[in-house]
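2 protein chains.
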Amino acid sequence: MKVDLIIKSKWIAPVIPKATLLEDSAVIVKDKRIVDLCPQEELKTQYIAENTVHLSNHILIPGLVNSHGHAAMALLRGVADDLSLNEWLENRIWPIEQGIVNRDFVLEGTNLAIAEMIASGTTCFADMYFFPDEVAKAAISANIRVQTASPILDFSTIWADTADEYILKATKIHDQYRNDELVYTAFGPHAPYSISDEPLKKIRVLADELDIPIHMHIHETKKEIEDSIAEFGCRPFERLHNLGLITPKLNSIHSTQLLSNEISIMGALGTNVIHCPSSNMKLASGFCDVNSLIHQGVNVALGTDGAASNNSLNMFNEMRTAALLAKAVSDDAAALPSYQALEMATINGAKALGIDELIGSLEPEKFADITAVSLNECNTLPVNNPISHLVYAANSSQVTHVWVSGESIYNEGVLITMNKNQILDSALKWQDRIPKELAL
Amino acid sequence: MKVDLIIKSKWIAPVIPKATLLEDSAVIVKDKRIVDLCPQEELKTQYIAENTVHLSNHILIPGLVNSHGHAAMALLRGVADDLSLNEWLENRIWPIEQGIVNRDFVLEGTNLAIAEMIASGTTCFADMYFFPDEVAKAAISANIRVQTASPILDFSTIWADTADEYILKATKIHDQYRNDELVYTAFGPHAPYSISDEPLKKIRVLADELDIPIHMHIHETKKEIEDSIAEFGCRPFERLHNLGLITPKLNSIHSTQLLSNEISIMGALGTNVIHCPSSNMKLASGFCDVNSLIHQGVNVALGTDGAASNNSLNMFNEMRTAALLAKAVSDDAAALPSYQALEMATINGAKALGIDELIGSLEPEKFADITAVSLNECNTLPVNNPISHLVYAANSSQVTHVWVSGESIYNEGVLITMNKNQILDSALKWQDRIPKELAL
Numbered sequence: 027m028k029v030d031l032i033i034k035s036k037w038i039a040p041v042i043p044k045a046t047l048l049e050d051s052a053v054i055v056k057d058k059r060i061v062d063l064c065p066q067e068e069l070k071t072q073y074i075a076e077n078t079v080h081l082s083n084h085i086l087i088p089g090l091v092n093s094h095g096h097a098a099m100a101l102l103r104g105v106a107d108d109l110s111l112n113e114w115l116e117n118r119i120w121p122i123e124q125g126i127v128n129r130d131f132v133l134e135g136t137n138l139a140i141a142e143m144i145a146s147g148t149t150c151f152a153d154m155y156f157f158p159d160e161v162a163k164a165a166i167s168a169n170i171r172v173q174t175a176s177p178i179l180d181f182s183t184i185w186a187d188t189a190d191e192y193i194l195k196a197t198k199i200h201d202q203y204r205n206d207e208l209v210y211t212a213f214g215p216h217a218p219y220s221i222s223d224e225p226l227k228k229i230r231v232l233a234d235e236l237d238i239p240i241h242m243h244i245h246e247t248k249k250e251i252e253d254s255i256a257e258f259g260c261r262p263f264e265r266l267h268n269l270g271l272i273t274p275k276l277n278s279i280h281s282t283q284l285l286s287n288e289i290s291i292m293g294a295l296g297t298n299v300i301h302c303p304s305s306n307m308k309l310a311s312g313f314c315d316v317n318s319l320i321h322q323g324v325n326v327a328l329g330t331d332g333a334a335s336n337n338s339l340n341m342f343n344e345m346r347t348a349a350l351l352a353k354a355v356s357d358d359a360a361a362l363p364s365y366q367a368l369e370m371a372t373i374n375g376a377k378a379l380g381i382d383e384l385i386g387s388l389e390p391e392k393f394a395d396i397t398a399v400s401l402n403e404c405n406t407l408p409v410n411n412p413i414s415h416l417v418y419a420a421n422s423s424q425v426t427h428v429w430v431s432g433e434s435i436y437n438e439g440v441l442i443t444m445n446k447n448q449i450l451d452s453a454l455k456w457q458d459r460i461p462k463e464l465a466l
Numbered sequence: 027m028k029v030d031l032i033i034k035s036k037w038i039a040p041v042i043p044k045a046t047l048l049e050d051s052a053v054i055v056k057d058k059r060i061v062d063l064c065p066q067e068e069l070k071t072q073y074i075a076e077n078t079v080h081l082s083n084h085i086l087i088p089g090l091v092n093s094h095g096h097a098a099m100a101l102l103r104g105v106a107d108d109l110s111l112n113e114w115l116e117n118r119i120w121p122i123e124q125g126i127v128n129r130d131f132v133l134e135g136t137n138l139a140i141a142e143m144i145a146s147g148t149t150c151f152a153d154m155y156f157f158p159d160e161v162a163k164a165a166i167s168a169n170i171r172v173q174t175a176s177p178i179l180d181f182s183t184i185w186a187d188t189a190d191e192y193i194l195k196a197t198k199i200h201d202q203y204r205n206d207e208l209v210y211t212a213f214g215p216h217a218p219y220s221i222s223d224e225p226l227k228k229i230r231v232l233a234d235e236l237d238i239p240i241h242m243h244i245h246e247t248k249k250e251i252e253d254s255i256a257e258f259g260c261r262p263f264e265r266l267h268n269l270g271l272i273t274p275k276l277n278s279i280h281s282t283q284l285l286s287n288e289i290s291i292m293g294a295l296g297t298n299v300i301h302c303p304s305s306n307m308k309l310a311s312g313f314c315d316v317n318s319l320i321h322q323g324v325n326v327a328l329g330t331d332g333a334a335s336n337n338s339l340n341m342f343n344e345m346r347t348a349a350l351l352a353k354a355v356s357d358d359a360a361a362l363p364s365y366q367a368l369e370m371a372t373i374n375g376a377k378a379l380g381i382d383e384l385i386g387s388l389e390p391e392k393f394a395d396i397t398a399v400s401l402n403e404c405n406t407l408p409v410n411n412p413i414s415h416l417v418y419a420a421n422s423s424q425v426t427h428v429w430v431s432g433e434s435i436y437n438e439g440v441l442i443t444m445n446k447n448q449i450l451d452s453a454l455k456w457q458d459r460i461p462k463e464l465a466l
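Going down the list, the protein sequences come from chains S and C. Using the numbering used here, read the first sequence as starting at 27 and increasing by one per residue. Using the numbering used here, read the second sequence as starting at 27 and increasing by one per residue.
Just so you know, these hints were derived from the structure itself, not from any lab. A portion of the hints provided could be inaccurate.
Copies of the same chain look alike in the list, so a pair counts if it fits in one copy or across any two.
Said to hold, decoys possible - In the DSSO-like style, the derived pairs of lysine-lysine whose C-alpha atoms are separated by at most 27 Å in a straight line are:
hint	residue 1	residue 2
1	LYS455	LYS34
2	LYS249	LYS227
3	LYS44	LYS195
4	LYS462	LYS44
5	LYS70	LYS56
6	LYS56	LYS228
7	LYS195	LYS248
8	LYS462	LYS34
9	LYS28	LYS248
10	LYS228	LYS462
11	LYS455	LYS28
Source: prediction; values computed, not measured.
Model the full assembly from the supplied sequences, consistent with the hints where possible.
Printed below as a string of structure tokens:
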């Protein structure tokens, strides 16, 4: 059979089947999709390839799925550190955004973020920010997969004025990209405290009709719970449950403040949690009880959050931090073993985004979204355990190759689909525009 | 004035004075030592240098001080993950060590670890392992600074048979290297549960006589406390306090289980804590209350611990994890700001090791132990806050140059004093010798 690409690799972690590790095998790609995984010794009798890549000290993994972020905020990296969520958001981030965010900011900031994400092995990211059409444009140009969650708020911003206008724009964005192979869409109601019941009801109905996820910050901090009890007489979770939002379509971002009955309901109803451990720690938001969520059957995916609260978009950091934190929080060193952290960063993300039939594992018929990581470095030798090394020991700079839909977008340190110098220059330009009295 | 080396850099974080950031300045080096820091514009009128290095997008920091580890265990990276400390130590690490550890293991494992540490910006490391003379030999050959804590236990190992023999060997090692500029020594009684009172009393007296630190795992887990109460009728801290060990000479490693009165005593008596956040999380040992320790005046330094329980020797990971974890644990996003994490990884380490008059900051008369980090990458632009970027956003692969005593030991990805290929080959050789039934 003639194929487009054969990637031979010392190790392959396809993620499905669970915790599998193949040795001296290859991934075969044709027409953007994976057609087979087989031992290298069987290749000759079966496949003739246009391109063959030999990776003798590497591990192939599904391209990483960053399930929550605000890409354009890469331009605000480091402007407001070591502050609580409310102080950070209300006195710094929102005022800075008000003065600076426009279409160019979003396009150029997203390009900066995409460059960082590709170089650290991410092939798909979920994004919640203004001008999602600019985010989509940047992703298409770079040939990376994205799910844009169109923001929805009760109050006016540069993107829209009323909840209805936000919702209308979200449906238009969905319509615009419904047949795109790289761009997927979601509704992005910001948080229970920034959106009222009526628009949430509309979003629920529309999400069912369009069959797309709802991406929402939920139970990020204690204050959010207290404020909701004061305003609505109940916890945000209960309010959302009453509105019918606790469904498999919901991606509950953060979720550091869950009671055990809320975790049970989430598990029973098939809701997804997007865990952002670095951001939660940096903003002292609280601890997400990942171990209990997993044991109750909740699908837990991983996100970096935006670079203003992490401050990195590096999913290697996030896998490592998630695995370490889950052990510490659950007082159980066996919690969240390395293969499970890799699942959270791949197939669980794909599932949350509703595209796990297309990506998230290295299986025939899925898109060839693949990341190669060299383990032949002082910090990952001896290779006593390749999947452990990926999660606990590897540096994202060991990512050598990234493919999306079988197309090479990163090769030995070089971004193939992006102009790195232009991106660096643009970042420096925006640096000068951030009001100094709000930064630091 | 004729000098040996001028390093011009866009930014310099000298660490002392506190939280300082110099722009467009230079570090001047002569006879292994820093002689001056000055603005670049003043250079011409003052200094003529043999070598000048221009770093236009970089930040210079004091070489990082890794204040606790077991370097040779780099060869055991990934052999026993996702297990509790007791299971990990008693059923995996100790049996594996018994079968495999010898002089060659220590020399070659330490070389592997040193290569990883240099490439991630570390210029000094504290080490507790068998055959400390091999560790010293490796460090001298690589031109990196080390403090070897000679292990002391009640029971027999490949290094010695009785506590007295361990102590004798420790004093001999001290004598051997007392005049070496790269090698410093300490006593390394393993932990309260592995050493009895009599040898601890001897160690206290000898540490005072020789004026060197005592490096000891203390209050790492709950079980250690419970066992001590059962055996000695008191917590390990109380026992050590009664033995007179709570002094400025003591480096208390881990210390995840401290009561507030114990923290007060530590602060009052000037004891040091070596915080190893990744290892503590990975082994679910508990949370070290760094914020309280700092507020009580305890000097808190940072260590990676060994690669079998981290699994990386990367101090950038450790600074980031420490800063994030301190905020989460103390429920205060303002806890452990980035400049303080950098202090913990530099001057506080030097202080714990008792060599803060020699290293730990970029100040005249100190050894020129310096690390340069490029910030001109997608993940550290815009440079809204260079010190924040170092801690929260930078990848250790952005380390471009490392000097120890003014000698270049790392230059743009190349190890100058070590043979990288030989180190990688040696790691693969040892990989084959680890008994497979004990690994994984």
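Going through the hints against the structure:
1. LYS455 / LYS34: between (42 Å within a copy, 24 Å between copies)
2. LYS249 / LYS227: within (24 Å within a copy, 51 Å between copies)
3. LYS44 / LYS195: neither (40 Å within a copy, 49 Å between copies)
4. LYS462 / LYS44: This pair counts as between: shortest inter-copy Cα distance 21 Å, intra-copy 49 Å.
5. LYS70 / LYS56: Within. Shortest intra-copy distance 16 Å satisfies the 27 Å Cα cut-off; inter-copy 62 Å does not.
6. LYS56 / LYS228: Answer is neither: 41 Å inside a copy and 71 Å across each miss the 27 Å cutoff.
7. LYS195 / LYS248: For LYS195 and LYS248, the Cα distance exceeds 27 Å both inside one copy (32 Å) and across copies (55 Å).
8. LYS462 / LYS34: between (50 Å within a copy, 26 Å between copies)
9. LYS28 / LYS248: neither (57 Å within a copy, 61 Å between copies)
10. LYS228 / LYS462: Answer is neither; intra-copy 40 Å and inter-copy 58 Å both fail.
11. LYS455 / LYS28: neither (47 Å within a copy, 39 Å between copies)
Of the numbered hints given earlier, the model fails hints 3, 6, 7, 9, 10 and 11; all others are met.
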